[in-house]
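In order, the protein sequence lines correspond to chains A and B. Sequential numbering of the first sequence, starting at 1, is according to the UniProt record's numbering. Sequential numbering of the second sequence, starting at 1, is according to the UniProt record's numbering.
Treat each hint with caution, since some may be false.
Unchecked claim - Lysine-lysine pairs mimicking DSBU-like chemistry, simulated, CA-CA at most 30 Å apart:
| id | chain 1 | residue 1 | chain 2 | residue 2 |
| --- | --- | --- | --- | --- |
| 1 | A | K73 | B | K113 |
| 2 | A | K73 | B | K155 |
| 3 | B | K197 | B | K381 |
| 4 | A | K73 | B | K312 |
| 5 | B | K62 | B | K197 |
| 6 | B | K206 | B | K155 |
| 7 | A | K63 | B | K374 |
| 8 | B | K381 | B | K412 |
| 9 | A | K73 | B | K412 |
| 10 | B | K333 | B | K414 |
| 11 | B | K171 | B | K120 |
| 12 | B | K312 | A | K87 |
| 13 | B | K374 | B | K197 |
| 14 | B | K171 | B | K259 |
| 15 | A | K73 | B | K259 |
| 16 | A | K73 | B | K62 |
| 17 | A | K63 | A | K73 |
| 18 | A | K73 | B | K374 |
| 19 | B | K412 | B | K171 |
| 20 | A | K73 | B | K380 |
| 21 | A | K63 | B | K333 |
| 22 | B | K375 | A | K73 |
| 23 | B | K312 | A | K63 |
| 24 | A | K63 | B | K113 |
| 25 | B | K206 | A | K63 |
| 26 | B | K258 | A | K73 |
| 27 | B | K375 | A | K18 |
| 28 | A | K87 | B | K333 |
| 29 | B | K197 | B | K171 |
| 30 | B | K259 | A | K63 |
| 31 | A | K18 | A | K87 |
| 32 | B | K62 | A | K63 |
| 33 | A | K73 | B | K197 |
| 34 | B | K374 | A | K18 |
| 35 | A | K63 | B | K258 |
What the hints assert, rightly or not - On the chain B side, residues computed to face chain A include the following (Cβ under 8 Å):
| id | residue |
| --- | --- |
| 36 | M325 |
| 37 | M328 |
| 38 | R332 |
| 39 | K374 |
| 40 | G379 |
Worth flagging that the hints you see were computed from the coordinates, not collected in a lab. In this text the structure is predicted, and so the values were computed from the model without any measurement. Where a beta carbon is used, it is the ideal one built from N, C-alpha and C, also for glycine.
Here is how the chains run, residue by residue.
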Amino acid sequence: MTDIYIPATSDTPEINFKFSSNTLSMSGEAYPENGVEFFRPILRQLQSHLKSLNGDAVEFNFKLTYFNSVSTKVFYSMFELLNEYAKAHPNSVLLNWHHDEDDDTILELGQDVQEDFTWIDFNAVVLA
Amino acid sequence: MLDQSLLNQSRAGLSEIEAEYIASSLLRICPPVSPQQTNLEVTNLLNEHPDLISVAVIEDNKPIGLITRNIFMEGLAKPFHHDLFDRKSCIAFMDKDPLIVDNNMSIQELSFKVLGSGRKTLNDGFIIIDENGDYLGLGSGEDLVKVVSFLQAEKNRLVTESINYASVIQKSFLRSSREDMSAVLQDYFMHWEPRDKVGGDYYFCKKFDDGFFLALIDCTGHGVPGAFMTLIMASFLDHILVEDNRHDPAGALAIMNKKVKLALGQISQPAAEGFDSDRFSAKRNGQSDDGMDTAFCWVNTQNNTLTYAGAKTPLFYIDSTSSNMQLMEPDRKGVGYVDTPMDYEWTNQELLLDKGMCIYLTTDGLVDQIGGPKKIAFGKKRFSALLQDNYLKPMQEQEVIVMQAYYDYQGKQKRRDDVCLMGFRY
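Construct all of the structure, not just a fragment, from the sequences and the given hints.
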């Protein structure tokens with residue numbers, strides 16, 4: 001599986017999915033007009049990459065400051081994939097949820113994610 | 001010369017306007033020359049017509065090349081060239097491969113052709129021919145730019161007029177809610193600010209004998225598609241409130257959910273288990289996934305209670321004794337979306353309304369707006385703190401304070417979403 005690198009734009013995040021080392025990162029903002037189309041190929045690649053793994057540890061660094069409702073749905077699908085993988089291979093997925101210390105909005109969204117995807121090890125990280 | 005007054009008269013529709021302007025709109029009648037004519041004759045022609053940028057060379061009415069003033073004059077200006085070339089055929093300095101276009105070519109195709117053929121065509125122009133390939137005249141890059149800008153402005157005007165009128169319609173849909181709100185509330189504000197003149201944020205208020213129903217709605221999307229959604233939601237809501245549903249906001253949300261899902265065909269397909277699902281395939285592309293986040297409130301003015309049911313939209317309140325902002329947490333499913341089950345049940349929460357209690361509702365456009373020095377969301381904390389400091393002031397003053405803080409916070413950042421905020425004192 002080749003790695004994915006997509007630079008950020010004003011309404012799409014930087015996506016740096018290093019499948020070779022199982023480290024996935026996203027940062028910036030996500031509110032593209034065509035959110036589903038933008039993210040679909042990335043989701044598909046993540047899905048088939050996870051299929052090829054057998055318990056390898058996966059680390060996801062999530063560093064977004066804003067995402068609209070369509071992007072939220074997409075991210076939930078992404079977490080769902082990771083959650084399914086972690087269910088089959090317990091303790092294999094670590095989600096680092098980066099947020100500014102004053103950003104209660106992002107922190108709260110993270111708490112929802114933690115509550116909904118119980119197989120994923122959730123780690124809130126305060127941005128320096 | 002391009003007839004600007006003709007352009008100004010155009011009132012064509014969006015699709016017509018493209019068809020109305022073609023290469024022949026740019027046609028300038030310019031005298032051509034034949035290969036038998038000499039460079040001296042061309043010199044004389046250019047001197048007689050100082051505004052001619054180029055001259056077409058035609059043979060049997062078919063263009064064979066283009067002589068451009070600059071190249072021609074520079075060519076002849078070299079030492080002895082007058083003596084050498086004056087009596088020779090004018091094809092010596094002719095561009096043998098100019099852009100030649102049919103007079104019926106669309107302006108868009110012409111623009112791409114002109115840009116594709118490089119700078120010379122923009123500077124020196126192109127030849128326009130008729131259906132038989134016969135020479136008609138010349139077109140200039142300058143005129144092309146004028147027409148393209150005009151078409152752009154005209155399209156903008158049409159779209160803007162259309163959205164402006166859509167905004168009139170959306171506002172008039174809100175009128176009865178505004179009237180009922182002012183009838184049932186004394187001290188209140190309603191701040192509705194769609195990002196793009198029309199939008200997916202909406203509010204609803206309906207007065208009954210025993211109280212009033214209040215809803216703040218955030219439909220998927222913004223702009224025109226968002227506004228479509230608000231009209232669908234508003235008409236559904238109007239219909240379901242004719243029965244006793246008003247006393248049961250959670251039940252009303254459940255009915256809305258079913259109605260939206262059925263109307264838009266948003267019924268979840270049976271989930272394929274595990275990793276073999278095809279859930280990200282483009283096949284599902286055509287399915288819509290639209291709905292709303294909302295707070296539904298029934299205010300019973302006889303026994304002074306508020307019943308709230310929230311779909312991802314909290315209710316904020318400050319009671320007159322504690323002066324602390326408190327929150328009623330919403331259920332975390334939106335209404336109508338594909339991933340909300342058809343039989344999903346929202347929950348009612350009751351609040352005893354003291355005299356003087358302040359209630360606030362807002363869509364996420366306000367708290368999620370990026371801004372400030374750290375470029376992070378405005379946040380519920382900031383929102384709550386602002387209101388805690390100011391809740392004793394008249395509601396309309398509070399509106400100004402919150403919105404001013406919000407605009408200041410947004411600063412030079414782009415507006416991310418529609419904003420709808422309301423507050424009232426009981």
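ask   = Does the structure keep K18/A and K87/A at a Cα separation of 30 Å or less?
value = Within the cut-off at roughly 22 Å; holds.
Restraint check for K375/B with K73/A, where alpha carbons must lie at most 30 Å apart = 23 Å, holds
inquiry  = Between the alpha carbons of K73/A and K197/B, is the straight-line distance 30 Å or under?
reply    = Holds - the C-alpha atoms of K197/B and K73/A are around 26 Å apart, at most 30 Å.
message = So if I understand the rule, the pair passes when the alpha-carbon distance is 30 Å or less; does K63/A with K258/B pass?
response = 36 Å, violated
key: 30 Å Cα cutoff - pair K374/B, K197/B   = 28 Å, holds
ask   = Within a Cα-Cα threshold of 30 Å, do K312/B and K63/A meet the stated pairing?
value = This hinted pair holds, its Cα atoms lying about 23 Å apart.
query = Does K412/B pair with K171/B here, judged by a C-alpha cut-off of 30 Å?
reply = Answer holds: K412/B to K171/B is near 28 Å, not above 30 Å.
Restraint status (C-alpha distance of K206/B to K63/A at most 30 Å) = Judged against 30 Å, a Cα distance of about 43 Å means the pair is violated.
request  = Given the hint that K171/B pairs with K259/B, test it: the Cα-Cα distance must not exceed 30 Å.
outcome  = Distance ~24 Å between K171/B and K259/B Cα, so the pair holds.
message = Does the closest beta carbon of chain A sit nearer than 8 Å to the beta carbon of K374/B?
response = Constraint on K374/B satisfied, holds at 6 Å.
Hinted pair K375/B and K18/A, Cα distance within 30 Å = This hinted pair holds, its Cα atoms lying about 27 Å apart.
request  = Given the hint that K374/B pairs with K18/A, test it: the Cα-Cα distance must not exceed 30 Å.
outcome  = 28 Å, holds
This entry does not satisfy hints 1, 2, 5, 6, 11, 16, 24, 25, 30, 32, 35, 36, 37, going by the numbered hints stated previously.
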